[in-house]
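Protein sequence lines, in the order shown, are assigned to chains A and B. full-length UniProt numbering puts the first residue of the first sequence at 1, with every later residue one more than the last. full-length UniProt numbering puts the first residue of the second sequence at 1, with every later residue one more than the last.
These aren't lab readings, by the way, just hints derived from the structure by calculation. Among the clues, some could well be false.
Since the list gives no way to pick out one identical chain from another, each pair is judged satisfied if it fits inside one copy or across any two copies.
[Stated by the list, open to error] Mimicking BS3-like on lysine-lysine, the simulated pairs with C-alpha atoms at most 25 Å apart in a straight line are: (1) K279 x K362; (2) K362 x K278; (3) K279 x K360; (4) K177 x K462; (5) K278 x K462; (6) K24 x K279; (7) K278 x K360; (8) K50 x K177; (9) K349 x K269; (10) K278 x K357; (11) K279 x K357; (12) K279 x K5; (13) K416 x K269; (14) K362 x K462; (15) K357 x K413; (16) K279 x K386.
Here's the letter readout for the chains.
There are 2 protein chains.
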Amino acid sequence: MDNIKSYVGQHKDRFINELIELLKSPSVSADSAYSQDVINTADAVLASLKAAGCDHVELCETPGYPIVYGEKTIDPALPTVLVYGHYDVQPADPIDLWTSPPFEPVIKKTELHPDGAIFARGACDDKGQMYMHVKALEYMVQNNNLPCNVKFMIEGEEEVGSPSLAWFVERNQEKLKNDVILISDTGMISNTQPSITTGLRGLSYVEVEVTGPNRDLHSGLYGGAVANPINILAKMIAQLHDENNHITIPGFYDKVEELSSEERDEMAKAPFSLDAYKKALDIEDVYGEATYTTNERNSIRPTLDVNGIWGGYTGEGAKTVIASKAYAKISMRLVPAQDWNEITELFTKHFTAIAPKGVKVKVTPHHGGQAYVTPIDSIGYQAAAKAYEESFGVKPIPVRSGGSIPIVALFEKELKSKTIMMGFGLDSDAIHSPNEHFGIFNYLRGIETIPLFYKYFTELSK
Amino acid sequence: MDNIKSYVGQHKDRFINELIELLKSPSVSADSAYSQDVINTADAVLASLKAAGCDHVELCETPGYPIVYGEKTIDPALPTVLVYGHYDVQPADPIDLWTSPPFEPVIKKTELHPDGAIFARGACDDKGQMYMHVKALEYMVQNNNLPCNVKFMIEGEEEVGSPSLAWFVERNQEKLKNDVILISDTGMISNTQPSITTGLRGLSYVEVEVTGPNRDLHSGLYGGAVANPINILAKMIAQLHDENNHITIPGFYDKVEELSSEERDEMAKAPFSLDAYKKALDIEDVYGEATYTTNERNSIRPTLDVNGIWGGYTGEGAKTVIASKAYAKISMRLVPAQDWNEITELFTKHFTAIAPKGVKVKVTPHHGGQAYVTPIDSIGYQAAAKAYEESFGVKPIPVRSGGSIPIVALFEKELKSKTIMMGFGLDSDAIHSPNEHFGIFNYLRGIETIPLFYKYFTELSK
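Chain A with its partners taken away, still in its complex shape:
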């Protein structure tokens, strides 16, 4: 595979333009207004797999958005890599904070991306990282050095919790049979220090509704005499953390495993500057659970965050009203052994219990997923580590990510195979935020690194 760099060098302009085309389609799965764009994106991904050399591609219908499937089998006796990715993206709002339109990709240079980065919603999460695999396959097919079989499963509902994927996987275990699952939907420490994500947090995402009076009221005539749903919601949210920022939901921590001091010391070795972190976010100080470091708080500890809140008059000017209802979207990041269904139940029970008389509370679970840990002694991890080392000239560091890819745990359960998370994005790429971007360097280096994984995984599987 010594010619991979020259092949990428030759075709990089086309690779970049193909990705830019893909990013123009606003495939926002959370908002039904974009459903046609999501469908169109699926078609485009399907076509790209065919063009890259899959000898069978298929748009698999599900109860939700279709799953794009593709495969190239060179020899049933050889191992099979199943590539998972998603073609849907997060909503782009708040639109006004984007420096260029989210679905009109532009290349801009940044401090961390001197070669330029593509700015667009989905550039990194996950169209850019998913498409690296498509181009890596193109290279291996064009150069007749695909060392094993490959399958692609690209879904369109990852950003809303993959409701249809479980349905699909359960019904297609034979079709999806594989020896290892490969995903690029995470990040790495820096462009000079690659890392492999070995842990993911689970997730429980709920929406709460607090109802007070049966209609909006004049705050002068009723203020102070009835429970104001917004004040009450604020009070209830405040009660979900204690003074040490521990979560107060009874039973929430029961299954949380405390890491040994050795493990925590190991984690602490990853390069990290608290000052740079605060400076990058323009915050005077970090904030979180007492007795844990920032990197522990956002990876090995469960958390509870309000992702959205609304109620009452939010327009221009002033309206002296007491709203009938107030709402919040709340998500909890979970760690291995915490079951998301159980946590959702514990939250619902507790949140309902702390509601004062005078309001009614409704909790609606949105979605969730289990946490996951990849063993670093697996051949999948070893192959990935060798690939990064050869490509970057530096040994990758295993890290526990704070993010969630709920379906990874599902894959292990249903397909009985391990998942390797080879991420090429950076935390600063602003995924889920305005001005999401993906470095040209990262995109191209990813395409160069992936074939090496295939090579080493096939060798180590012998």
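Once you've looked at the hints, dock chain B against the given chain A.
Frame of chain A, contents of chain B only:
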């Protein structure tokens, strides 16, 4: 004035249709999108005053929306009544809770309004109540029994705190010279038990902004490690009340006068059913400051309510984001002797002080006004009481309202005259809420009662 009832009976269809026309104009002063409608409404009111018999009308420019002025002077030696009202209305949202479009008035019968009520934004607050005075003038002019001089001052910014009215009043003290100010912008206990509002609460309305990280963040990668502005805002709002629902802002209660037990006993005599109150609002229980009754909580006690809150992702579905900013609109109702400017400062100081490191807080004062109390031994009150008694056959009860008409205190300061609040609406008329309405009975009875006030006020002034 014995022919007032027959005059109203003869012309009531026209009176109703004229009001319906006025209500079709969405004069929402809080939203600049409606500015042309606000202007058009001012023109319509001006024309109605001319038609009713004012011998001088004028659209007075201000830094904001114009003030409609009209006067009819029959003899400078006679007393002058200054009628104040407003032609602007509250925003109509949430629109989807209206059973008919807010600016397409319709007449519907209700339990409390068997003769029907006009449903539209502004029907009661204040177009309907303001227009009663225009029609009362028409009656007195047409029947040559206007007993004194009258001036009208109808503004278009009451719902946003009357920013231009103070400017106008300070510059037109001679023009506005009067012996009593008459306002119908409050309510009465019921259609069989009239009441006169003798007290109004003051108001301090602020908007707060809490900023955490400089951009929206992925809640997986950053969750638990940085201050989440929504969680922090909720926590800060929760801290504004203690476990007895006392407001915790230092100095907030310093100038609050405790009513004597005699005064509280007097108040308690007003007919009130807690069960009916809870049933009407569909709440299991009331909620408020410990040791005070519901009627005390919403009239003689200061309060703090969040009128609106927003931040993060509030769209369809789920977005795992930590917002950069969270916002709330917060208003405090004040009682006599509390100075709204001072309270705004105390709030700002306290709210900034309780912000944890890791967030920045901005407090923007919207507007405010002082509380007010009308002495019931004034001839203005006596005249109003006699008018109600003659019109309804029942002595009116003096009540302290929880609402605010910030400019009443201003009038006393600048124009040195007392304000009489003759309200004809009901609390159940849903002002500031979806489905605002005004009873046909109340509208017509108001038109019948107002000329009696002129008559008795003139007699008592001799």
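Honestly, which of those hints from before does the structure not fit?
5, 6, 9, 12, 13, 14, 15, 16
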